Amino acid sequence: MLRQEYSRPDPKRRNVADYRKKQFADPTYKETEYHHRLNFYATPPTADITLEQFEQWAIDRLRILAELEACSFRNKSQAETASHMEPLLKKYLLLEPNSSSSSKLLEERQKDHYSHFILRLAFASTEDLRRRFSRVETMLFRLRLADEGPSEKNAFIQSVNLDCDQVTEDERNKYRAELAAVTGLKKGAEEETWIKVDWERVPDLVESRRVFVKAGKAYVPSKEQASMAIAEFTKRLDRALELTARALPRLDEDDRLTPILDHLSKNFVTPDASYASSSPSVPGADISARNIDTLSTHFPLCMQNLHRTLRRDAHLKHFGRLQYTLFLKGIGLNLEECLIFWRSAFHKITDDTFNKEYRYNVRHTYGDVGGDANRRGGGYSPYSCQKILMEHPPGPGEAHGCPYRHFSLENLTALLQGVGITDRSVLHGVKEDKESQKFHMACNRVFEHIHKNEIKKAKDEGVMTSAQLETIVHPNEYFKRSYLLRNLSRDG
Amino acid sequence: MADIPTQNGDSQHSADDDVTMTGTDGDGKKDVKLEDLFADVDSDDEFPSSRPDGAKPSSPPVAPSSPVGNGNGISSSDPELLRMFYQRLFPFRYLFQWLNHSPTPTNDFAHREFALTINDATGNEIYLRYQSYPTADLIRKDIISKIPSRFEIGPVYTTNPRDRKSLRNQNSFKPLAKELCFDIDLTDYDSIRTCCNKANICSKCWQFMTMAIKTIDTALRDDFGFKHIMWVYSGRRGAHAWVCDKKARTMDDQKRRAIAGYLEVIRGGAQSGKKVNLWRPLHPHLTRSLDILAPHFQTDVLETQDPWADSERSEHLLSLLPDRALNDHLRKKWDSSPGRGSSSKWADIDAVAKSGASKGLDAQALLEAKQDVVLEYTYPRLDIEVSKKLNHLLKSPFVVHPGTGRVCVPIDTKQLDEFDPLGVPTVQGLLAEIDGWTGDAGGDGDGKALADWEKTSLKPYIEYFRSFVLALMRDERDPKVKREREEGEGMEF
Chain A
1 MLRQEYSRPD PKRRNVADYR KKQFADPTYK ETEYHHRLNF YATPPTADIT LEQFEQWAID
61 RLRILAELEA CSFRNKSQAE TASHMEPLLK KYLLLEPNSS SSSKLLEERQ KDHYSHFILR
121 LAFASTEDLR RRFSRVETML FRLRLADEGP SEKNAFIQSV NLDCDQVTED ERNKYRAELA
181 AVTGLKKGAE EETWIKVDWE RVPDLVESRR VFVKAGKAYV PSKEQASMAI AEFTKRLDRA
241 LELTARALPR LDEDDRLTPI LDHLSKNFVT PDASYASSSP SVPGADISAR NIDTLSTHFP
301 LCMQNLHRTL RRDAHLKHFG RLQYTLFLKG IGLNLEECLI FWRSAFHKIT DDTFNKEYRY
361 NVRHTYGDVG GDANRRGGGY SPYSCQKILM EHPPGPGEAH GCPYRHFSLE NLTALLQGVG
421 ITDRSVLHGV KEDKESQKFH MACNRVFEHI HKNEIKKAKD EGVMTSAQLE TIVHPNEYFK
481 RSYLLRNLSR DG
Chain B
1 MADIPTQNGD SQHSADDDVT MTGTDGDGKK DVKLEDLFAD VDSDDEFPSS RPDGAKPSSP
61 PVAPSSPVGN GNGISSSDPE LLRMFYQRLF PFRYLFQWLN HSPTPTNDFA HREFALTIND
121 ATGNEIYLRY QSYPTADLIR KDIISKIPSR FEIGPVYTTN PRDRKSLRNQ NSFKPLAKEL
181 CFDIDLTDYD SIRTCCNKAN ICSKCWQFMT MAIKTIDTAL RDDFGFKHIM WVYSGRRGAH
241 AWVCDKKART MDDQKRRAIA GYLEVIRGGA QSGKKVNLWR PLHPHLTRSL DILAPHFQTD
301 VLETQDPWAD SERSEHLLSL LPDRALNDHL RKKWDSSPGR GSSSKWADID AVAKSGASKG
361 LDAQALLEAK QDVVLEYTYP RLDIEVSKKL NHLLKSPFVV HPGTGRVCVP IDTKQLDEFD
421 PLGVPTVQGL LAEIDGWTGD AGGDGDGKAL ADWEKTSLKP YIEYFRSFVL ALMRDERDPK
481 VKREREEGEG MEF
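As you go down the protein sequences, you meet chains A and B in turn.
If you're matching positions, the first sequence starts at 1 in full-length UniProt numbering and goes up one per residue.
If you're matching positions, the second sequence starts at 1 in full-length UniProt numbering and goes up one per residue.
Rather than coming from a laboratory, the hints here were simulated on the basis of the structure.
Only a predicted model underlies this, so the values are computations on that prediction, with no experimental measurement involved.
Every residue gets a Cβ at the ideal spot worked out from N, C-alpha and C, and that includes glycine.
Certain hints may be false.
The calculated DSS-like cross-link candidates involving lysine-lysine, where the alpha carbons are at most 30 Å apart (straight line), are [to be verified]:
1. B/K141 <-> A/K174
2. B/K389 <-> B/K255
3. A/K356 <-> B/K255
4. A/K76 <-> B/K389
5. B/K389 <-> A/K431
6. A/K214 <-> B/K141
Computed spacing ranges between beta-carbons, pair by pair [stated by the list, open to error]:
7. B/K165 <-> A/V160: 40 to 46 Å
8. B/D120 <-> A/R311: 43 to 49 Å
9. B/L416 <-> A/T193: 55 to 61 Å
10. A/V160 <-> B/A365: 48 to 54 Å
11. A/R236 <-> B/D120: 49 to 55 Å
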């Protein structure tokens with residue numbers, strides 16, 4: 001019980017403890033030099049800035065990060081994101097390469113450097129914020145690295161010191177065929193410079209089989225070395241955020257910065273969180289177990305598919321149940337009704353089996369049982385499109401996921417026709433969206449087709465602003481909007 | 001996030017952080033004879049032998065009145081039978097050494113989570129998580145007294161899992177290490193096997209498991225350099241792999257995900273159509289896997305499974321091929337000769353292609369599609385969630401499968417082809433073997449009493465496990481010894 005983990009520093013570790021102190025040591029007011037456009041943000045800034053700069057720089061950077069996150073929610077490709085971000089970056093967070101003759105290089109880089117550290121303070125407080133911050137900062141870093149000229153890029157990667165071995169001529173000859181297969185070019189292996197590292201250093205390259213792996217070593221071609229730099233960036237940032245979080249309580253700060261930091265982190269709310277509350281999302285609707293069949297006409301395709309599978313098989317596999325339960329929770333079905341719904345849907349099993357194997361999970365999803373954190377938080381949040389698209393792709397026999405993404409085109413078309421979408425141009429549009437991986441667009445296209453008349457009417461009468469009609473990125477938003485539009489037209 | 005119930009495919013266990021048993025203990029003890037309890041305490045011997053006590057039958061005296069009979073009429077989850085099994089056959093010492101990596105107790109074992117599934121008096125299942133034990137003797141005693149129908153092994157935590165609630169900082173209770181695990185289940189092969197479905201297996205479809213083990217085992221050894229890989233039969237229709245190298249045990253979730261992704265080829269749900277989508281040229285791992293799998297495809301799939309015998313199934317094959325004109329020709333040909341075997345149909349593809357049936361035929365695309373078909377019908381189908389998470393629980397080796405009574409024995413990969421899942425010893429059979437044992441003729445010369453397991457057909461499996469554990473312990477010990485020697489030498493200067 002008496003645990004003293006952090007009492008006495010082990011003499012060997014004293015050095016390690018040092019850099020933690022360094023961050024909060026008395027500032028030495030040393031001018032920082034920026035040799036590269038890119039920055040690993042290893043040393044915190046020490047010079048003075050005004051309070052206005054403090055706030056303004058942070059807000060500018062936040063704007064960029066929020067936009068980047070939005071791009072990833074809309075499933076934009078790397079190239080699309082780059083072109084979307086270009087004007088914004090120019091306006092808020094311009095960073096010019098060494099080659100440019102701009103006299104403002106230092107200022108730009110300083111702003112980039114300082115704003116990063118300000119946001120680091122603002123977003124270090126909770127695990128969730130830290131994870132999102134590190135994710136979007138990595139996206140920004142990746143974007144800038146891709147934008148960098150080859151010589152500057154190489155110089156920067158060299159400066160990061162990735163310590164690794166060069167692959168010798170002998171090895172290259174020995175694994176000629178394998179290396180060639182990895183690069184995908186017939187003679188690529190000859191010209192390519194390969195480096196060899198422990199595979200643990202490049203997990204993402206291993207995961208997507210973009211490196212040759214032999215006896216625990218990964219052979220990385222030069223074009224993938226950038227992604228090593230990115231992985232390193234994320235790793236160091238995560239570690240630094242962790243340390244910042246631990247130091248935060250000791251941040252003996254007066255009341256000038258804390259309100260600003262608070263305010264900043266609040267402006268970075270997650271889109272998922274908007275459905276965390278269990279209050280019904282549509283007033284006046286009868287959200288109950290026996291009404292789900294009727295309501296299901298308002299469900300997005302992913303949920304309709306789950307609903308149909310459930311009705312057909314009287315069963316859903318784990319991730320299907322999770323995705324559907326959370327959605328139902330999000331539309332305002334309470335726990336009791338939800339249990340009734342699942343119990344009657346699984347009509348092929350006994351009460352006993354249901355109580356033993358399924359009841360607990362539904363309750364857990366609602367935060368009725370489980371650890372403190374789960375109960376306090378009221379269970380999980382309903383899944384956003386982003387989450388459905390990116391996490392847990394369905395395996396054999398599973399029905400969850402996004403039909404636009406996880407179905408083959410034939411099966412998707414069949415499903416769409418099954419729910420009454422027969423318009424050729426819509427089906428053709430969906431096909432194109434699917435091919436260009438814009439699954440959101442496909443879903444929104446179907447939505448707009450179904451509610452064509454109501455949307456027009458709503459716009460004409462000014463009942464709903466165009467802001468209320470922007471792209472749907474959450475299944476619960478789909479339901480809500482569908483339900484409101486339909487009833488709007490009934491009232492009218 | 002620590003208390004999200006771990007997911008084991010579809011068979012969900014409602015895992016609360018702790019379900020405590022109240023009262024049942026007292027009831028349970030009435031069944032146990034007092035002498036048995038004390039005999040157990042006195043004996044430090046882990047594998048007691050029945051010989052010194054004279055003739056006490058090992059199989060429980062009351063066999064009848066068991067409705068869910070199995071084999072010789074005794075249910076394999078009969079508590080008496082299980083108690084006997086844990087007491088006399090279960091290799092607790094080697095289990096301890098396996099997880100402890102050293103003969104003297106360390107935190108590797110003491111902070112390890114065990115999860116017990118217990119059937120209480122009323123037939124309800126109780127799931128006890130966060131159990132932990134300091135030594136081999138203590139886990140043995142607890143298991144014998146609780147008689148779980150099975151138990152699972154979780155990760156090593158930062159502190160003793162039993163103390164997790166008394167920590168001042170709850171966040172400091174974190175999983176640190178666990179073997180990298182893989183789970184392959186024949187139910188995932190239902191869309192391609194024709195002999196059985198659901199939980200049933202036979203020696204024909206077990207071949208899928210043989211291929212899977214070969215492929216994954218080779219990749220883990222050659223590519224990632226792991227050495228200590230143990231495959232365990234899961235008791236009914238699947239197999240688990242435990243990669244026990246130190247490097248594998250300490251991997252975080254991201255690295256586990258990386259290996260899982262590297263090995264995963266069959267993707268997509270019931271509706272996603274083509275399940276194998278690969279970049280060309282094929283990655284060396286896939287080229288090698290194809291080399292391993294191609295012979296199996298010819299014999300175990302085409303000839304034994306005959307997967308495209310009926311027209312509905314052969315339609316699926318056509319949907320995987322790229323050329324429409326070619327498909328039309330094939331369809332016509334196959335429709336005109338119903339009952340044509342899959343081997344012939346497979347050969348037809350090339351024959352028809354060569355005959356120039358399709359003008360714009362892309363030979364390269366056809367070859368690639370054929371490779372994808374081979375992979376779809378042979379490549380291992382992993383239950384990938386098991387491998388991705390450090391804190392996933394997995395059933396321990398040597399427990400008894402409640403449905404079949406078979407013991408979850410390790411599979412010797414050197415004799416992989418001989419492994420017969422249906423011939424694996426059952427708990428009922430093993431206890432009968434002890435009773436039926438008469439000593440080998442004249443072999444008792446050294447006067448050493450044999451442990452009970454040595455009298456049964458469990459022997460080769462436990463011996464295999466023992467040698468596996470010894471090799472693992474040797475590797476864990478070596479670096480330490482070396483360093484000490486080096487330091488010693490340093491002192492002399």
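Return the numbers of the hints above that this structure violates; sort them in rising order. Hint check: 1, 3, 5, 6, 8, 9 and 10 fail, others pass.
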